[in-house]
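Number of protein chains: 2
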Amino acid sequence: MSKETTKYDLVVIGGGPAGYAGAIKAGQMGKKVACVEMERAGGTCLNWGCIPSKALLSSAELYQRMLHAEDFGFKTGKIDIDFSKVMKRSRNVADQMAKGIEFLFKKNKVDYVRGKARVEKGNKVVVFEGTDKGKTLEADKVLVATGCKPRMIPGVEHDGERVMNSRDALGMTEQPKSIVIIGAGAIGAEFAYFLNALGTKVTLVEMLPKILPIEDNEISDSVARAFKKQGIDCHTDTKVEDIKPTKTKVSMTLTKGDNKEKIEAEKILVAIGVQANTEGLFGEGISLDMDRNYIKTKEDYQTSVKGVYAAGDIIGPPWLAHVATFEAVQAVRGMFEKHKPEKVKLFPGCTYCQPQVASIGKTEQKLKEEKIPYKVGKFPFTASGKAVAAAHSEGFVKLLVDKEYGEILGAHIVGAEATELITEYVLGMKVEATAEEIHDTIHAHPTLSEALMEASAAVYGEAIHI
Amino acid sequence: MSKETTKYDLVVIGGGPAGYAGAIKAGQMGKKVACVEMERAGGTCLNWGCIPSKALLSSAELYQRMLHAEDFGFKTGKIDIDFSKVMKRSRNVADQMAKGIEFLFKKNKVDYVRGKARVEKGNKVVVFEGTDKGKTLEADKVLVATGCKPRMIPGVEHDGERVMNSRDALGMTEQPKSIVIIGAGAIGAEFAYFLNALGTKVTLVEMLPKILPIEDNEISDSVARAFKKQGIDCHTDTKVEDIKPTKTKVSMTLTKGDNKEKIEAEKILVAIGVQANTEGLFGEGISLDMDRNYIKTKEDYQTSVKGVYAAGDIIGPPWLAHVATFEAVQAVRGMFEKHKPEKVKLFPGCTYCQPQVASIGKTEQKLKEEKIPYKVGKFPFTASGKAVAAAHSEGFVKLLVDKEYGEILGAHIVGAEATELITEYVLGMKVEATAEEIHDTIHAHPTLSEALMEASAAVYGEAIHI
Chain A
4 MSKETTKYDL VVIGGGPAGY AGAIKAGQMG KKVACVEMER AGGTCLNWGC
54 IPSKALLSSA ELYQRMLHAE DFGFKTGKID IDFSKVMKRS RNVADQMAKG
104 IEFLFKKNKV DYVRGKARVE KGNKVVVFEG TDKGKTLEAD KVLVATGCKP
154 RMIPGVEHDG ERVMNSRDAL GMTEQPKSIV IIGAGAIGAE FAYFLNALGT
204 KVTLVEMLPK ILPIEDNEIS DSVARAFKKQ GIDCHTDTKV EDIKPTKTKV
254 SMTLTKGDNK EKIEAEKILV AIGVQANTEG LFGEGISLDM DRNYIKTKED
304 YQTSVKGVYA AGDIIGPPWL AHVATFEAVQ AVRGMFEKHK PEKVKLFPGC
354 TYCQPQVASI GKTEQKLKEE KIPYKVGKFP FTASGKAVAA AHSEGFVKLL
404 VDKEYGEILG AHIVGAEATE LITEYVLGMK VEATAEEIHD TIHAHPTLSE
454 ALMEASAAVY GEAIHI
Chain B
4 MSKETTKYDL VVIGGGPAGY AGAIKAGQMG KKVACVEMER AGGTCLNWGC
54 IPSKALLSSA ELYQRMLHAE DFGFKTGKID IDFSKVMKRS RNVADQMAKG
104 IEFLFKKNKV DYVRGKARVE KGNKVVVFEG TDKGKTLEAD KVLVATGCKP
154 RMIPGVEHDG ERVMNSRDAL GMTEQPKSIV IIGAGAIGAE FAYFLNALGT
204 KVTLVEMLPK ILPIEDNEIS DSVARAFKKQ GIDCHTDTKV EDIKPTKTKV
254 SMTLTKGDNK EKIEAEKILV AIGVQANTEG LFGEGISLDM DRNYIKTKED
304 YQTSVKGVYA AGDIIGPPWL AHVATFEAVQ AVRGMFEKHK PEKVKLFPGC
354 TYCQPQVASI GKTEQKLKEE KIPYKVGKFP FTASGKAVAA AHSEGFVKLL
404 VDKEYGEILG AHIVGAEATE LITEYVLGMK VEATAEEIHD TIHAHPTLSE
454 ALMEASAAVY GEAIHI
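Read top to bottom, the protein sequences are chains A and B.
Everything in the first sequence is counted per the working numbering, starting at 4 for the first residue and increasing by one.
Everything in the second sequence is counted per the working numbering, starting at 4 for the first residue and increasing by one.
Derived from the structure by calculation, the hints contain no laboratory data.
Keep in mind the model is a prediction, meaning the values are calculated, not measured.
The reader is advised that the hints may include incorrect statements.
To be verified - PhoX-like, lysine-lysine: derived pairs with alpha carbons at most 20 Å apart:
#1 A:Lys91 <-> B:Lys381
#2 B:Lys81 <-> A:Lys78
#3 B:Lys381 <-> A:Lys110
#4 B:Lys110 <-> A:Lys78
#5 A:Lys381 <-> B:Lys110
#6 B:Lys110 <-> A:Lys81
#7 A:Lys10 <-> A:Lys127
#8 A:Lys433 <-> B:Lys110
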């Protein structure tokens, strides 16, 4: 490609789950489209988030199973961990998937432009850093999908070594003997499970009263109990103050109410949230309406600047890859098709520690707060034949339905494969199926999914197996 | 309990998935109910079928993963198999679940009667063998749910040692060096995977042109390729003749067209189907309408004898536990509630070998045969980030939809967790969701379930990741 101006129907800025999906979608529609990415196709999710972390978790799960191999009839002798190999596998998986996206760009005739982009007046996109520096892309429409990056603690030097964010942690080559993880959301919980499973001494600290604070309280409590049993030292309602990295360790103070405890660890991982990637994104004279530092969009994902759209993490929470993809595809369909773009109302959330957590809709505490009349149905995996046979009997399914009509208001699962199982309830809510319809659906036996049927029956006291 | 006559609202004969579910359901409804079982609560499924086999498969899957532990970053040294312990674990699981059913009987006030029952005129149920022999139960209604047992090969002595059925195989304590499995349906395929995974030389023989003959041809082919790669010697279109057990082995002839091959193995497992348990079930003067040796039932599950109902395997195919449970619950609700019992039209089928197979609705060959216009959407797990991260990228999802309206006609999955994943399509078909609605549903990322969304998009050439 020359460094001259090229005219596109759509220029997408950012090659993550929003950006690449939007670009591919436009390509499928026969549009001339470019996707500008300053690092690697796939974005954070694929390169430094969802995907490599799942590879690590697979290793951790296998290791934990192997420690109990004797229960299954096997003798293994001592099991040695090659931590660098565990990490290397996750990099290979990320690399393979990123190549896959690059292949999809070619297949769908998406021009893959490498560099950091800036939107200039008149919907010009200038590449001002990176391999394709100096290139200007003229676009009928621009989709900004630059996503977010981990937020760090102000005043604490982020060296990537003692003080890490999730991206640094995914790049570790040596297993830390001890770590303090600050923030017990999905990312913090997954790293806590992973490192603890392989033998690192893990302290997990959460400022809010519960770990996984956005989940249903019963689910959070269940994971907290599981984590404690696994040996993770969990602190809730706790602040981390006075963080002092030295050459070989980090010291800090945990403050819970009036109690203060000085602790130290080899590393800390900061997993307290994300912030928008907006630096250098807009040239002179372009000023977008923002909501804090997220880009505000209208119903069709258009920003306050005509022709400039935004989707994904950059437009604010819930910062989930599947939400980002959905938004970008909706935005692109709205640009080029007779289609009224849909904004995201209903989406599942998943945490891939063991036991896994998956949920959709409202929590019980939220229903109480909003004074919505509800009924609850629960089913424990201890009563599931498949769960017991597979030695995965930890956890339960909790279904919250409208008291009068049985409409599903919220669904919460903690246990093995929760992240796959939730899909049934997700579709159920999407098509407005009732608990009764879930119950009347013949679920294959023996499966974990029967627990979802039983929970829907339990709403009305009609579960067979409890 | 005395051995005198006791009067019940319902007497259920058989304590398997139909019988125990029907009895528990009646108990929940406040009915006076007894369940007569000649062996152990839970029936074949729980004691000698679905449940213990899943425990064995868990061991096999773990063993196979451990053999590849190095890919995940671990060194294990040599792994020793204690086969008797593998088997013992499966017995413990079955035992635990059977105790669970017995607990549910107590909880739901179901009288658990141990013995072999015979229905006498006037809806009396006499226990004529077993612990409660001599007892007579008078019943307003009787539900016959005696199920099926494995069918053996006529003329071949069934000693349970050289010549086994699935029940015998679940009772093995020593690992056979070699085995010929006759019949490549779900049971044959599961045992083939299990034994081969642990190192037994397995020959799998199927009379029909494909293994898993009721599945979609592409799925069968995919499993056949996987089995071949695993080292299972598969023979289709092949008859087993001239079976001769000796003290130490079994010899036989495999006949495929004009080709004849003499082979031998330590054992054979006959998995060619089932036959109804009707022996001694009806006293003098009671004659039910039968279909071959299955009991014929009307729309409300009533047999040709007033007050006598039947559900589960005893009323014929598909011989699936989840279908049996559904039927029994429908029958019981019809007896005691203002409820029009539903007969089973739509049900998933599952095979738990690796890769797993799950399906619902019609196969592609069936649609062709019936000249139904259809579209097909496919998505391979190699393109799923979660599948690659978890090293489970074998297999694919295949969705068959009505050409005009997008209604789901059939869904077929081969791959890891297929048996859990199918549930989304099962609910989809139940509530008559279209492929488009599945596609429009936000699936959590990264999950295997995204492949179901992508397959539904692929129907219209709109999958993002292929």
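These are the hints, each one checked on the structure:
Distance hint between A:Lys91 and B:Lys381 is unfulfilled; the C-alpha atoms sit about 31 Å from each other, more than 20 Å. Annotation: proposed proximity of B:Lys81 to A:Lys78 holds, straight-line Cα distance about 8 Å (limit 20 Å). Distance restraint check for B:Lys381 and A:Lys110: the Cα-Cα separation of roughly 17 Å lies within the 20 Å cut-off, and the hinted pair is therefore satisfied. A distance of roughly 40 Å separates the Cα atoms of B:Lys110 and A:Lys78; the hinted pair therefore is violated under the 20 Å criterion.
The hinted pair formed by A:Lys381 and B:Lys110 meets the criterion: a straight-line CA distance of about 17 Å does not exceed 20 Å. Using a Cα cut-off of 20 Å, the hinted pair B:Lys110 and A:Lys81 is violated, with the two alpha carbons roughly 45 Å apart. The hinted pair formed by A:Lys10 and A:Lys127 meets the criterion: a straight-line CA distance of about 9 Å does not exceed 20 Å. Taken as a hint, the A:Lys433 and B:Lys110 pair is broken in the structure, with Cα atoms around 36 Å apart against an allowance of 20 Å.
Hints 1, 4, 6 and 8 from the earlier list are contradicted by this structure; the remaining hints agree with it.
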